[in-house]
Amino acid sequence: MKDKLLQLRGQALQYWQARNPRERLILACGGAVLLIALYVACLQAVQTRIATLDRRLPELLLNSYEIAAGGRAAAPAAPVRSSEDLRSELFRLLADQGVKAELRGLAADRVEARLAPAGGEVLLRQLNALRLASGSRVASLQLRSGDAPGTAELTAILERRP
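Counting with the working numbering, you get residues 781 to 942 for the letters of the sequence shown.
Where hints are given, some of them may not hold.
[Stated by the list, open to error] Dumping the calculated EDC-like pairs for lysine to aspartate or glutamate here, alpha-carbon to alpha-carbon at most 20 Å:
| id | residue 1 | residue 2 |
| --- | --- | --- |
| 1 | Lys880 | Asp927 |
| 2 | Lys880 | Glu901 |
| 3 | Lys880 | Glu892 |
| 4 | Lys880 | Glu803 |
Since the hints were derived computationally from the structure, they do not count as laboratory data.
Given these sequences and hints, build the entire structure.
Shown next as structure tokens:
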């Protein structure tokens with residue numbers, strides 16, 4: 781293999797020396813243009829990939845949070861009853877789980893829930909368990925630092941599509 785490379789190098793050197801100075805200049809400029817074009821093409825591919833990932837980053841983060849929360853969340857306590865309004869169902873689920881919360885009905889299929897202050901991870905797990913058990917989705921979420929150190933307050937608007 782080494783002999784073959786040395787032979788190719790010798791042939792290339794012989795070819796280069798056989799050219800006059802004008803041809804060497806033209807070949808060097810052509811090679812430089814070719815290298816620059818390849819470099820720009822590679823950079824463009826990388827920039828396109830970065831832009832794609834930048835656009836998808838919020839969706840990917842949300843999916844990772846849902847996967848992380850779903851793996852540790854409690855399983856739904858009961859099957860979803862579509863005939864029951866969302867507020868009544870959330871009251872029942874909260875009572876079954878022993879979670880303290882304040883619910884305010886915004887519509888039959890839209891409820892504002894304020895969970896009792898606790899650790900942030902605990903609140904998110906409770907909210908995810910409610911979301912899964914009621915078959916609803918989180919339309920809005922506010923997580924604020926609580927009065928006591930290490931606690932948080934959570935306010936979420938849950939809604940169910942008809």
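Hints, verified against the model:
| no. | hint | result |
| --- | --- | --- |
| 1 | Lys880 - Asp927 | 17 Å, holds |
| 2 | Lys880 - Glu901 | 16 Å, holds |
| 3 | Lys880 - Glu892 | 14 Å, holds |
| 4 | Lys880 - Glu803 | 85 Å, violated |
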